[in-house]
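Peer 1: With chain A held as given, fit chains B and C with the ligands onto it using these hints.
Residue numbers (my numbering), protein chains in the order written: chain A, 1 to 290; chain B, 1 to 316; chain C, 1 to 262.
Everything labelled a hint here was simulated from the structure, so no lab data went into it. Each hint should be verified, as a subset may be incorrect.
Unchecked claim - Keeping only pairs whose Cα atoms sit at most 20 Å apart, straight-line, the calculated SDA-like set for lysine to any residue is: (1) B:LYS316 x C:GLU144; (2) A:LYS286 x B:ILE197; (3) A:LYS115 x A:LEU211; (4) A:LYS115 x B:HIS281; (5) C:LYS199 x C:GLY181.
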Amino acid sequence: MAELLQFVSSGLTVGAIYALVGLGFTLIYKASDIINFAQGEFVMLGGMMTVFVAMADVPLPVAALIAAIVTAGVGLALHRFAIEPARGASPVVLIMITIGASIFLRGIAQIVFDKRFHSLPPLFGSDPIQFGGAAILPQSLAVLGGAAFIVILLWLFIERTLLGKAVIATSANRLAARLIGIDTRQIVDFSFVVSAVIGAIAGILITPIALTSYDVGTLLALKGFAAAMLGGIGSAPGAVVGGLLLGMIEAMTAGYLSSNYKDAVAFLIILIVLIAIPQGLFGRAKIERV
Amino acid sequence: MSLRALLDNRLMPAIAIAAIVIILPLFFPSAYYYRIGALVFIFALAVVGLNLLMGFAGQVSLGHAGFMGIGAYSVAIGPVAFGAPSWLCLFAGAILSGTVAFAVGRPILRLKGHYLAVATLGFGLLVAIVLTNEAGWTGGPDGMSVPKLALFEWRVRGSDAWYWIAGTTFVVGFVLALNLMDSPTGRALHAIHDSEIAARVLGIDVARKKLTVFVISATYASVAGSYLALFNGHITPDSAGFLRSIELVAMVVLGGMGSIVGSLVGAAVLVVLPQVLTTFHEYEQALLGLIVMGFMIFLRQGIVPSIAAVFARWRK
Amino acid sequence: MMVLEANGLSISFGGVRAIDDVSIAIASGQVFSIIGPNGSGKTTLFNLVSGIYLPNDGNIRLAGETVTGLAPEQLARRGLSRTFQNLQIFSRMTVLENVMVGRHRHERTGIMADLLHWPSVPRQNRATRDAARAALARAGLAGEDDRPAGSLAYGALKRLEIARALASEPKLLLLDEPAAGCNPVETQDIDRIIRAIVKDGITVVLVEHDMRLVMNISDRIHVLASGRTLTEGTPDQVRSDPAVIQAYLGVHGSQEAVRAFD
Ligand SMILES: Nc1ncnc2c1ncn2[C@@H]1O[C@H](COP(=O)(O)OP(=O)(O)O)[C@@H](O)[C@H]1O
Ligand SMILES: [Mg+2]
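For reference, chain A alone in the conformation it holds in the complex (with noise of 0.2 Å):
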């Protein structure tokens, strides 16, 4: 039993920054149709940029701040500069600019940060808390209500303002938000910016547990897509429940079969969902209307 609360404890960590990652695709995705393999490097710069400024003696909570905000910076950039050049492309294209982008954003991690690992102090120190015989990190605690708070906010943006109608309304007919003068160029930016904010906490988030290096990005990408996609792409929701049901088969894995295999089993039930629910588990089956 208190393996089991253990095993859950540090699947639903992994999970929520699983969740996020999907969140950042699903956000991006509703607004503009792209899915943005940058995504993974957003949660990089946001931990690496926090352990440099850190580093150069800048309070963490100040640090976190600047690596967030440089890091939406990096969103509104890519948009800007990579993704409207070549706006009416086709998906693979738009794709392909978002895997070159995170080549680059990696590349230049490299030369700017080191190739090293790091790490970051936990929030609320690193003595475990003992719950029902497992032993949970605060910061397990601290990535849960953070994933959670994000979540809420997000919800409560979409559903209670103005802009985020217009994200809606973007997202169901883009023309039809165009003649409502609805300025959806802004809608993207804007969803790229959020998509790079929700990364860069992320991985402020989870280096004190995971640490953290130039390369990391692209197995977070991998994950958080995978994540949107088990939830059904375009869904927040799924994104969500496909994230944390995902660092939950991992760490289940890990803990009761093999470590090893855990990315195995983990892809092996978004292979045996996807084939069951072709639309994944809270998308909407698109029927063509001919």
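Peer 2: Relative to chain A, chains B and C with the ligands alone:
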């Protein structure tokens, strides 16, 4: 045959490529160039196959390196574990890849767009994970060495020998792809790309055609993977990994989706570019990323179709 | 002998009954039209009959044989073909290639022959090309062979779909609004093309809003409203049916009704 008839020949691109394969070495100052040439043709072979799937049938695969991996480890494990000759292992690997593609493709090719992308990605990762973890067979993450190819009494070594083998195989693969395009199967694949519903209404068994091209493209990738392993003499699970799959897709898109000549160009660019960029040391990756972005932004149809379009406009 | 029979067909989308207990029987050699206001279920009926949607209820028989639940490609092999209201052109291919795809069910070479370009393949390609050209001519599109299909005008694309369907040599052809967006001259062309098709022994099911065309060409007319059968009869019977006029007036506005039934 008159010049006119020659130029209009269906196989003209293949003849031109064959000529390039033969003439190019005249300008090679060192064995290093043979090595690069061999690598270009090996990758181009895999890319032609992937292009049949992506560019013609419009089905994404983010896991094609998995099939390269199967081909690669076939020629590594077969001779060591079973004492089978390398060339036989190469064929066995191709058959294995085709069989795996058939088994995996049946369920997942029903998925569309990004869902197919994530499913193929998952497949590729599964292959890479198995290769990493079954160290008893594969040598684990460090990989294993691959016995040299022996054809009868001839032990193939040296970049120039591999240049000729890879070049010839590429031309054969290229011709087969051209053949396919000029056939009912090719037209059906092309049709599926634009409208599956219309294709079905015209009697095309879409699921079967997709599966067919998936198996064919897996076979191409497998042969290329075997060649790469035999040529390098060493392989690691990375040769089946996600980044390799992405590299293959990048070659297809960069050269031009649906352009078979583009497959060669895309492979050439992405094989040669990193070699050139090593002179920039730590800036290598950043530059590579920038160049990929630049190509995709400014030549979004891919290199070959973009150039062809410019020519067409210019002739008018 | 009925070419097509459908009995008690129904399908719902999220609670909306798009087709509700509709039955039709179409005799060989007829032009059978289906009319009704927008959203009354005409296209959905085509999608059911051509195997794109699976009915929740009811059955479909093609030349007497039950085909309910068969896939579109299986129905195609039994001689059913159709065009689409929302065009489904192979826009990356040329005009001729589009129609060549229509010959698919008559092509026999296997994958190995295709890969190796066996002599049977070029021979067959020539036959396919000739048949495709003939089909293009029947749809009034001769001489456009090598144009990219995407570059044709809307009216020509409608005819390209007809040519493509004809190339498959159907016994039963479903046309979904072939004259939509056509000017009067082009509509005349469509009229002529349909008459020629019927003369060649192909049964035509027509969905069309141009009432003049429908009234002129149809042997029987089936009227749908909100997914249900309103009435069926000859053009004269339908024209004078008060319920039909009511349906059109109620849902569709007077203008069309007046134009339709003058
Ligand atoms: N795939 C689908 N999903 C949801 N609703 C559909 C679908 N196809 C048709 N409908 C609905 O069925 C009804 C009939 O549509 P349709 O057959 O296109 O009408 P018509 O062709 O007569 O104009 C409409 O209310 C339409 O919204
Ligand atoms: Mg309709």
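Peer 1: Now tell me, hint by hint, if it's right for this structure.
Peer 2: Okay, the hints, checked on the actual structure:
no. : hint                : result
1   : B:LYS316 x C:GLU144 : holds (19 Å)
2   : A:LYS286 x B:ILE197 : holds (14 Å)
3   : A:LYS115 x A:LEU211 : holds (12 Å)
4   : A:LYS115 x B:HIS281 : holds (14 Å)
5   : C:LYS199 x C:GLY181 : violated (25 Å)
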